[in-house]
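J.: Chains as they are written, first to last, in our numbering: chain W, 27 to 102; chain V, 27 to 102.
Treat the hints with care, as some may be off.
Claimed, not checked - Listed below are the simulated BS3-like cross-link pairs for lysine-lysine, each with C-alpha atoms no more than 27 Å apart in a straight line:
hint, chain 1, residue 1, chain 2, residue 2
1, V, Lys56, V, Lys78
2, W, Lys78, V, Lys78
3, V, Lys56, W, Lys56
Said to hold, decoys possible - To give an idea of the interface, some chain V residues facing chain W are shown, with a C-beta separation under 10 Å as derived from the structure:
hint, residue
4, Val41
5, Leu51
6, Pro53
7, Ile55
8, His61
9, Gln64
Said to hold, decoys possible - Covered stretches of chain W, as calculated for chain V (at least 3 residues, CB under 8 Å):
hint, segment
10, 48-55
11, 89-95
Read the hints as simulated data drawn from the structure, not as lab findings. Each residue gets a CB set at the ideal place from its N, CA and C atoms; glycine is no exception.
Number of protein chains: 2
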Amino acid sequence: MTHARYYHAGCPVCVETEQTLLELLDPQIKVEIVHLGQAPARIAEAEAAGVKSVPALVVADKVLHLNFGAALADLK
Amino acid sequence: MTHARYYHAGCPVCVETEQTLLELLDPQIKVEIVHLGQAPARIAEAEAAGVKSVPALVVADKVLHLNFGAALADLK
């Protein structure tokens with residue numbers, strides 16, 4: 027079982043991208059959805075994982091930045 | 027069976043993203059890899075699908091722009 031984290035900020039781009047992406051992923055991948063607008067304490071965790079903007083998917087040490095929604099700096 | 031197209035331009039970002047992304051996708055999705063540097067005639071097709079930059083994954087009418095590699099305009 028692979029664990030992934032999808033970081034977003036609730037913006038329209040984030041929500042649409044989430045729907046598109048999650049449908050495509052291997053059903054064996056368990057994805058935790060993290061709304062950084064509602065959980066700003068986790069912004070540091072996202073940054074430490076290499077996230078520069080949202081939406082982004084983090085899997086192990088890899089970051090996939092997707093359709094640009096917002097820079098992480100703008101969420102602080 | 028879902029068909030998708032992964033457009034890239036052979037840049038390091040494109041190749042690394044391809045490896046990360048393809049591992050995560052549902053094995054039932056068949057992905058055609060299109061190297062726009064080697065097949066510039068297909069740039070128009072990518073643009074028509076809504077691709078603005080590579081790498082990008084196109085599925086049905088949805089486009090996922092991933093870790094920025096190059097603007098499509100720079101490939102012409």
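J.: Tell me, which hint numbers fail for this structure?
T.: Violated hints: 4, 8 and 9; rest satisfied.
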